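Q: Okay, here's what each chain looks like letter by letter:
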Amino acid sequence: MLYFSKIKLFIIYFIIVILSFFSFINFVDNKENFILSKKVKLGLDLQGGSYLLLQVDTNPIVTQYLQQKLIALSKFLKENKIKYKNLKLANQSINFQINTEDIEKFEEFLLNKDNPINIYYNQYRSYEMNHYFDGNRVKLEYSKFGIIEINNSAVDQSLEIVRRRIDEIGTNEPTIVKRGSDRILVELPGLDDPNRIKNLLGKTANLTFRLVTETEDDFGSEFLSYEDNDSQLSVSKRVVLSGDNLISAQPTFDNQNNQSTVSISLDRAGAKKFARVTQNNVGKRLAIILDNKIISAPVIQEAILGGNSVISGNFTFQSATDLALLLRSGALPAPLTIIEERTVGPDLGEDSIKAGAISLAIGFLLVIIYMLYKYRKLGIIADFALIINLILLIGILTILEATLTLPGIAGIILTVGMAVDANVLIFERIKEEMVNEKSIIHSFDMGYKKARSAVLDANITTLISAIILFFLGSGPVKGFAVTLGIGILTTLFSAYFFARHLSSYYAMKNKDKQIVL
Amino acid sequence: MIFKISRDIKFSNFYKKMNIFSFILIFLSIIVLLFKGLNLGVDFKGGTLIEIRAENSTTTIGELRESFLKMNLGDVKVKKFGKQNDYLINIEATKSGDENFIKSINDKLSADLGSAVNFRRVENVGPKVSNELLRAGLLAISLSLAAMLFYIWIRFEWQFSLGAIAALIHDVVITVGIFSFLSYEINLSIVAAVLTIVGYSMNDTVVIFDRIRENLKKYSKISTKEISDLSINQTLSRTLITSVTTLLALFSIFIFGGAILKGFSFAMIVGVIVGTYSSIFVATPILNYTNVTQKTVLKDSNENN
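Those sequence lines, one after another, are chains A and B. Under our numbering, the first sequence is numbered contiguously, ending at residue 517. Under our numbering, the second sequence is numbered contiguously, ending at residue 305.
No wet-lab data here; the hints were simulated from the structure. Just so we're clear, the structure is a prediction, and the values are computed from it rather than from any experiment. Just so it is clear, CB atoms sit at the ideal spot from N, CA and C, and this is done for glycine as well.
No farther apart than 27 Å at their CA atoms in a straight line, the calculated lysine-lysine pairs in the DSS-like style are these:
| # | chain 1 | residue 1 | chain 2 | residue 2 |
| --- | --- | --- | --- | --- |
| 1 | A | K431 | B | K225 |
| 2 | A | K450 | B | K218 |
| 3 | A | K105 | A | K88 |
| 4 | B | K218 | A | K449 |
| 5 | B | K70 | B | K95 |
| 6 | A | K354 | B | K80 |
| 7 | B | K95 | B | K80 |
| 8 | A | K449 | A | K509 |
| 9 | A | K144 | B | K128 |
| 10 | A | K374 | B | K10 |
| 11 | B | K79 | A | K354 |
| 12 | B | K95 | A | K178 |
| 13 | A | K431 | B | K217 |
| 14 | A | K513 | A | K431 |
Residues on chain B that point at chain A, a partial pick, calculated with CB under 7 Å:
| # | residue |
| --- | --- |
| 15 | V122 |
| 16 | N124 |
| 17 | S144 |
| 18 | S189 |
| 19 | A192 |
| 20 | G199 |
| 21 | V207 |
| 22 | S237 |
| 23 | I241 |
| 24 | S252 |
| 25 | F256 |
| 26 | G258 |
| 27 | L261 |
A few chain B residues that face chain A, going by a derived Cβ cut-off under 10 Å, partial list only:
| # | residue |
| --- | --- |
| 28 | T48 |
| 29 | T94 |
| 30 | N118 |
| 31 | V125 |
| 32 | D204 |
| 33 | F209 |
Construct the complete structure from the given sequences, taking the supplied hints into account.
A: Below, the structure is given as structure tokens:
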């Protein structure tokens with residue numbers, strides 16, 4: 001066990017040098033070079049920032065899709081002269097009745113892989129919709145995969161809009177990723193107060209222009225309340241213009257009335273439509289509605305041609321800026337709810353880094369002193385192994401550009417405490433061997449050999465815990481699993497290669513002396 | 001060679017007494033868990049946690065409580081946390097639909113206290129997420145126990161598995177019981193601590209088991225009881241040194257690592273102490289109770305060959 005071939009030694013020290021280099025470049029300030037720019041990243045709990053988990057509520061979209069399906073279906077039934085009655089939506093499904101003799105024909109149509117109503121997904125080997133027959137009653141609802149498809153497209157679209165909104169605000173290096181089937185994870189490092197972003201993400205930003213109706217009992221109108229107070233207004237359900245027609249939106253300042261406004265420009269189709277409606281309705285009021293709340297309902301003074309308009313309302317400059325931003329980035333396909341938020345202020349992050357560094361330094365020092373006290377000269381070897389271990393650990397974290405969290409620092413400190421175990425196991429074994437064995441070299445050799453299975457067993461058990469934690473833990477705790485797991489690997493390396501080499505050197509040097517451990 | 005290697009402590013004489021002691025501890029832990037329950041943090045119960053620092057040093061905890069009482073947020077717990085002027089507030093409500101929830105609390109608090117309040121940390125976890133986190137946490141702990149069981153089963157004989165698992169469950173129940181007794185909060189990092197304890201305790205047990213197996217193969221004339229005493233004594237200095245270095249590191253985190261890591265390091269300290277004890281007084285006695293002899297280990301190595 002004490003013999004090392006030249007090539008083996010070369011590999012061992014080569015690895016140590018390479019990893020030392022990587023742990024050292026954390027202190028080099030270089031952003032351009034591909035290698036030199038590698039750093040251990042600080043987690044949100046250390047550098048401060050916000051973690052938001054958003055849930056996409058796809059239920060309204062499913063209803064919306066079903067409504068479109070219903071229209072397509074009724075058209076299809078009419079075209080194929082299939083008589084139907086009581087066609088309606090209920091409990092997220094389409095229900096209707098047809099003559100029993102038509103059922104076979106209808107089912108055949110539904111199972112035709114090229115039919116326009118019930119799409120067949122090759123990748124899932126499933127149809128978009130499930131159908132049920134009960135006598136002459138038919139029920140259609142989205143299949144599991146139909147729902148997955150809807151969710152996917154809604155989440156993808158939402159992700160894009162969320163990204164646009166966050167990019168517009170310009171925070172540094174945000175992480176925006178899909179989580180599971182209907183969630184979006186947003187990480188905003190360095191963000192102190194997430195309130196503005198939370199507000200921007202919480203709005204669907206569905207903008208519509210609708211005429212205010214005079215007669216309140218009109219079938220085609222509904223009551224909506226103002227955004228800033230509870231008074232209500234009856235507006236037509238017919239949408240004159242929606243946010244889809246917008247090409248740009250900017251906050252502006254109306255010097256005449258001394259207030260902030262948002263100026264918008266419309267695309268060609270929108271401009272045309274807007275011109276026509278305003279021309280025909282001069283003197284009437286046009287309500288500007290955002291997410292079913294009225295922003296304002298100005299009277300149309302004259303026809304607005306050219307597709308440029310101004311939205312006025314009770315805006316501050318900030319709220320006008322935010323509205324313009326929302327309109328520019330587009331409407332979300334579905335409402336988003338923040339179901340988890342974790343925000344750490346920058347000063348707490350700094351305190352945590354300090355506390356982590358101090359406890360690491362003290363823990364490290366205590367362990368080093370204790371090992372020297374217990375093992376004297378061999379203690380020096382164990383301590384060297386410990387220092388190398390720490391350097392290797394940081395080196396690997398750097399290469400992986402892993403995220404260091406506060407529990408992650410705890411993992412490193414714990415590694416320091418537990419890492420010496422491998423050397424303790426070996427040294428104790430060497431001591432035992434020396435009782436019966438004359439030759440020091442032989443004692444060392446046997447010590448390493450016999451301790452191997454215990455060292456491996458002991459470390460594998462901890463590694464199992466770390467791996468499970470890595471896959472099931474979230475956020476900062478994952479950082480703990482990473483440092484603990486990598487710590488075990490570097491511990492094995494430093495004990496069985498580095499420290500063993502030092503020990504063999506020590507044993508060779510003292511082979512003729514009496515040594516006391 | 002001039003040093004004494006074997007201390008000669010007859011651990012086996014204490015097995016009965018220590019086992020009774022362990023049973024009492026486990027019994028008490030279960031009683032406390034049943035009647036007092038666990039103090040689940042926002043990670044697992046849902047709700048809002050806010051760590052604040054009052055800029056005005058004359059702010060009292062009473063003023064904070066009064067201010068929160070006026071906000072009508074349901075159950076609100078206020079306690080001191082870390083340094084002076086730092087407080088931790090636990091609010092039952094999450095109000096996930098209301099993006100201005102946190103801001104409105106800050107506004108009202110600042111108005112009531114008459115000075116700015118610094119929100120150093122906010123954690124707001126909805127009921128759905130907290131349920132998922134709880135499930136993932138329980139799954140992680142059960143999985144790690146199962147994985148350990150499996151590992152030991154491959155490496156050793158079933159009697160050893162039984163002993164190791166008994167020790168693990170012993171450690172986890174007592175650690176969690178102590179948390180329940182002290183009403184310490186259970187959050188994600190405590191689950192991480194429990195998993196690490198499982199790893200550590202296993203590690204400790206395996207080292208002793210390894211030696212017992214080795215000695216069983218070596219000596220045919222010595223009784224299992226004496227073999228276990230011999231093995232524990234042979235590995236005792238390693239057991240103690242490793243516990244000491246791990247505890248040195250943990251106490252360093254506990255004392256200097258800041259308030260956030262207090263719960264984690266406390267759980268680990270308890271776990272390391274209980275884990276070291278259980279390797280000697282829970283795992284090993286079970287080998288005696290299940291009549292492990294030289295045959296047990298030799299049979300297995302024949303099968304493997």
